[in-house]
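*Asks:* Okay, here's what each chain looks like letter by letter:
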Amino acid sequence: MSVQATARTPSRRWSRAAFREALGGYLFISPWVIGFIVFSIGPMLFSLYFSFTKYNIVSWPPEWVGLDNWTYALSGKDRLFYHSIVTTGKFAALVVPLGVLTSLALAVLLNRGIAGVTFFRMIFFLPSLTPIAAIAILWLWLLHPELGPINYAISLIGVKGPRWLSDQVWVIPSMAIIGIWASAGGSRMIIFLAGLQGVPQEMYDAASIDGAGPLQRLWHITLPMISPVIFFNTVLGVIGAFRVFALAFVATDGGPAFASWFYLLNLYQNMRDLRMGYASMLAWVFFLIVLVFTYVQFRMAVRWVYYAGETGK
Amino acid sequence: MQTSGIQSRSVRLIATTRQYALGRRTGRILLYLLVISLAAMFFLPFFWTITTSLKRVDELYRFPPPIFPEYPQFQNYLRVFEKVPFALFLRNSGIVATFATIGTVTSTTLVAYGFARRRFPGRQTLFLVVLSTMMLPDEVTIIPKFILFRDLGWLDTFYPLIVPDYFAVGAFYIFLMRQFLMTVPRDFDEAAVMDGAGSLRILWSVLLPMIQPAVITVAILSILNHWNDFFHPLIFLNTRENFTVSIGLRYFTKAAGMGADQGETREHLLMAASLMAAAPMIVLFFLAQRYFVQGIVMSGLKG
Chain A
1 MSVQATARTP SRRWSRAAFR EALGGYLFIS PWVIGFIVFS IGPMLFSLYF SFTKYNIVSW
61 PPEWVGLDNW TYALSGKDRL FYHSIVTTGK FAALVVPLGV LTSLALAVLL NRGIAGVTFF
121 RMIFFLPSLT PIAAIAILWL WLLHPELGPI NYAISLIGVK GPRWLSDQVW VIPSMAIIGI
181 WASAGGSRMI IFLAGLQGVP QEMYDAASID GAGPLQRLWH ITLPMISPVI FFNTVLGVIG
241 AFRVFALAFV ATDGGPAFAS WFYLLNLYQN MRDLRMGYAS MLAWVFFLIV LVFTYVQFRM
301 AVRWVYYAGE TGK
Chain B
1 MQTSGIQSRS VRLIATTRQY ALGRRTGRIL LYLLVISLAA MFFLPFFWTI TTSLKRVDEL
61 YRFPPPIFPE YPQFQNYLRV FEKVPFALFL RNSGIVATFA TIGTVTSTTL VAYGFARRRF
121 PGRQTLFLVV LSTMMLPDEV TIIPKFILFR DLGWLDTFYP LIVPDYFAVG AFYIFLMRQF
181 LMTVPRDFDE AAVMDGAGSL RILWSVLLPM IQPAVITVAI LSILNHWNDF FHPLIFLNTR
241 ENFTVSIGLR YFTKAAGMGA DQGETREHLL MAASLMAAAP MIVLFFLAQR YFVQGIVMSG
301 LKG
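These protein sequences, in sequence, are chains A and B.
First residue of the first sequence? That's 1 in our numbering, and the numbers climb one at a time after it.
First residue of the second sequence? That's 1 in our numbering, and the numbers climb one at a time after it.
Treat the hints with care, as some may be off.
Listed next, the in silico DSSO-like pairs over lysine-lysine satisfying Cα-Cα at most 30 Å (straight line) [stated by the list, open to error]:
1. A/Lys160 x A/Lys90
2. A/Lys77 x A/Lys90
3. A/Lys160 x B/Lys83
4. B/Lys254 x B/Lys83
5. A/Lys77 x A/Lys54
6. B/Lys254 x A/Lys90
Between beta-carbon pairs, the in silico distance windows are [unchecked claim]:
7. B/Arg28 x A/Leu45: 52 to 60 Å
8. A/Tyr295 x B/Glu70: 55 to 63 Å
9. B/Lys254 x A/Pro173: 19 to 27 Å
Sample of chain B residues lacking proximity to chain A, with all beta carbon distances greater than 12 Å (derived) [to be verified]:
10. Tyr71
11. Phe81
12. Arg91
13. Thr98
14. Met134
15. Phe230
16. Glu241
17. Phe292
I should point out that these hints are in silico values taken from the structure, not numbers from a laboratory.
Nothing here was measured: the structure is a model prediction, and the numbers come from that model.
Backbone N, C-alpha and C fix where the C-beta goes; we use that ideal spot for every residue, glycine too.
Work out the full structure: start from the sequences and follow the hints.
*Replies:* What follows is the structure in structure tokens.
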């Protein structure tokens, strides 16, 4: 490989073999290139254009309205716009930290060499094998204010349970509970397990010899060593939380009184009403929000994520 | 490090091991108690769903709710098929998941091979672009895609749910496959070249068998994603006969009661339907979980 490189550099011309290899490379990745243009970057640009228009998908071309869509939303005239951002933010603020923490805790427990790991892993994984519509149906029944088993259990200790999904205050926490249950034991947990198995055993042995207890080892070895995995899972967790849709769509329709009116419900409703220009603007704002959050997390990661290769050998 | 240091260390080690023997046992018991109670918490919702799915309507309204049905009503499961075309929903999901996954596996293998094995200008940059699309939620591009598929006459068909997968749209899958391919030494390729094998031949008969866990992992994740997908079928499908399981379930909750049996309680039937919707994925994961876990563990997503 290095021989080829040095041979190529001085002449500044491609050898036939290198040219053929490159051509083959482009050929192999061409499905992705086409997919990227047709299903990602192309639609991105189109929706940017639509966001400056009024478009009901029937009459072409869309009517150019300049910044109208953007100012209508950002000025707060569309009352549901900021409201949907706040509801989604509340949901994410609960579901991301608690969800990632639960996944990590499950992985740490499963990684302690217990018998029946496969069995427990399967149990924890079950919810993520279940369609989200089924999860919504199932929890609607579990959290039924009068007939549900959860409020019955609560009544046993003499307390009247809340109305959960049909209560304006409780609906977001309820969905956060469902969201954590649905995702904590899924591939996120498996990715944590993979990370934990990548921590060299010698580090634990050395720490034990120095008298470090289990909690100290967790804090001083495990967590720093898997911080890149924590970071990866948090970034994807934030994006996943922002994308919450089906749960609310099936369980509450965004109610009661718009209390679970998440961002994508708002976008979907505008699509349904054929306000495609306005919905495209919402899609772009969604993209920008995700982008900003991801960027901020990458910036913050410099301070707390530890990459084994960086500081020494 | 001096010998005395090592000595005192090992002395301390022996002392602490003795001390541990007792503490460790209670620790183990606590650990198991914790894991078992967490597993119970994760499983209880399913348990309740199963028992509810076997209850009679009057048992649904009883308070306190009975844990087990008096006589398990297995016919509840059959009644789901009478109330809604559930077999059709299952079949539709099966078609979509199968054909989309074939596309995902073939296209991502080819693309990952290109990124892992070929040198070409812009490779690093393009791969970064691949990774960055992982952060791009599908919903952002949904409107132009909707218009594109409408113009192609594909609305209310399975094509919008299947065709994109033939163009390696899943960035995480490409990443996973590439990671795996990178772990296979190039010697294998070169040996095959000596034998006169072409690239596709090498990929098919040399590399694919070696990255089997990755292929299975990608296949399972893809099947799972398509089976459970809610947003895309909701946008692209209109007629009941084309519904996949996910939106079929929602249809069951909302519209199916609008006819003669309006207002009829069907929570038990909904529970039965939900379980049947999840069952194929549970079986699939159970059969393949060994490869699946291995696939993610070996992908290099470690510390």
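*Asks:* Determine which of the earlier numbered hints do not hold for this structure and return their numbers in increasing order.
*Replies:* Those not satisfied are hints 3, 14, 15, 17.
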